[in-house]
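Residue numbers (our numbering), protein chains in the order written: chain Z, 1 to 168; chain H, 1 to 315.
None of these hints come from the bench; they were simulated from the model. Be a bit skeptical, because a hint or two may be false.
To be verified - Here are the computed distance ranges between Cβ atoms for each label pair: (1) Thr-138(Z) x Asn-83(H): 50 to 56 Å; (2) Glu-44(Z) x Arg-51(H): 52 to 58 Å; (3) Gln-76(Z) x Asp-267(H): 48 to 54 Å; (4) Thr-164(H) x His-70(Z): 23 to 29 Å.
Claimed, not checked - DMTMM-like, lysine to aspartate or glutamate: derived pairs with alpha carbons at most 25 Å apart: (5) Lys-46(H) x Glu-125(Z); (6) Lys-145(Z) x Glu-125(Z); (7) Lys-45(H) x Asp-61(Z); (8) Lys-45(H) x Asp-83(Z); (9) Lys-252(H) x Asp-227(H).
We put the beta carbon where it would ideally sit given N, CA and C, even for glycine.
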Amino acid sequence: MSLPDAEALCQALVRQMKGHVGEATGMVGIRTGGAWLAERLHRELGLSTPLGALDISFYRDDFSTSGLRHQVRPSQIPFDVDDRHIVVVDDVLYTGRTVRAAMNELFDYGRPGKIELAVLVDRGERQLPITAQYAGTTLAVPRGKLLRLVRDDSGAFSLVLSDAKPAA
Amino acid sequence: MRNPQLNERGELTHLLTIEGLPREIVTHILDTAASFVGVTEREVKKVPLLRGKSVFNLFFEPSTRTRTTFEIAAKRLSADVINLAIASSSQTKGETLLDTVDNLSAMHADMFIVRHASSGAAHLIARHVASHVHVINAGDGRHAHPTQGLLDIYTIRHYKQDFTRLSVAIVGDVLHSRVARSLIHALTTLGTPDVRVVGPKTLVPAGVEELGVRVFHDMREGLRDCDVIMMLRLQNERMKGPLLPSAQEFFKSYGLTPQKLALARPDAIVMHPGPMNRGVEIDSAVADGPHSVILPQVTFGIAVRMAVMSILAGN
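Whole structure, please, built from the sequences with the hints as guidance.
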């Protein structure tokens, strides 16, 4: 199947978010794809609160079956979470389980005032009552396929579709 | 024969010794620990990874620090922790040990943290338990203390980054030290080119050179230009017979004083596994001085133990 242009989706996302985020907004990207996207959005939206990144490995709900397989990197939340408007950023929204884990982790840093979700692609098939406030596009992707964001050496984004989950 | 610590997929399922562990597994533990250091600096110092799991601290030998740090680590992973201090009786060791383990397994233990005066005790338990149960060796006789070795190299990596250029001196009672043995294995696994063992002839085990270390009996020579100094505790409780003239004599020759420390590199770090005998193996001026990273070792120890437990529990 043909995939949309990730750069164009990114610009669409910037347009949607403009006016809804401000100086006090805390942006948090979910590693790895979401963290790349958050870097870009943070820059293009000119946000002044330092950017955060979450590695949700310690909050996954499939730990008992999958374990700690991939390389875990430290989460960094360089701002006070309490009462803050926070935008969680991920590349692809699918079952909603990753976002659930990210929200649980955020609450261990404090009590956010409001959490919103921004994603490049919403591929539907939710398994939890979670929705994105900002989405570059919606796209039906066959179940079992993995859709993810990649970033090349020049920093340009593209989407790739693969069969199984990569080992990493 | 398969390494008893690994499962059929080559993943770590028990941690018994650092000897023979693949370098990638050691590095994976250190990297994961770095993420847990972040967790322990948060307001809520807890993650839900081991929720619903029961971790049994099985201590057949007294230990406050190691038991406490394992307990904190397990609690920060949201596990339930049960502490058992069991006085060991030398006659009934083998049988009693496995009977105890069987009983606790019947209480649905998921993980055993084992400290025992006999080398191989944790191995024995690891071979005995069901496949979903994990065993961590928290010190067996003179053999190994792998989480201590891991927290030591975590500390070294934190301050010195690259192992391939380091000179590390391990000083004191090497003969009785499982800490020294685990650290030597960890350092060589990560490619440390210069590992030195410094101590009196009576406290350096014969043949230790085979582990890839250089032996020094003169501390001043042994410390020259080294980057890391690991002082070992003089283990009075393990000494049988007169291996030493006196604690004062020992301090004179092998105690770390500011004068001897000055022979190492100016940015050298000083480590000690604790508990310290001040005035026996280390001068207070050094223990509390700017080169000392003895307290950070304790803090890192919790993150390293969280990493080991969560990696085992997931495999």
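Checked hints:
1. The supplied range of 50 to 56 Å is met by Thr-138(Z) and Asn-83(H), whose beta-carbon atoms lie about 53 Å from each other.
2. At roughly 39 Å, the beta-carbon separation of Glu-44(Z) and Arg-51(H) lies outside the given 52 to 58 Å, and the hint is violated.
3. A C-beta distance of roughly 27 Å is found between Gln-76(Z) and Asp-267(H), which places it outside the suggested range of 48 to 54 Å.
4. Between Thr-164(H) and His-70(Z) the beta carbon distance is about 26 Å. The supplied range of 23 to 29 Å therefore holds.
5. The straight-line distance between the Cα atoms of Lys-46(H) and Glu-125(Z) is roughly 31 Å, outside the 25 Å bound, and the hint therefore fails.
6. At roughly 12 Å between alpha-carbon atoms, Lys-145(Z) and Glu-125(Z) fall within 25 Å of each other, so this suggested pair holds.
7. For a cut-off of 25 Å, the pair hint linking Lys-45(H) to Asp-61(Z) stands: about 19 Å separates their Cα positions.
8. Taking the CA atoms of Lys-45(H) and Asp-83(Z), the gap is about 20 Å. The hint holds against a cut of 25 Å.
9. At roughly 22 Å between alpha-carbon atoms, Lys-252(H) and Asp-227(H) fall within 25 Å of each other, so this suggested pair holds.
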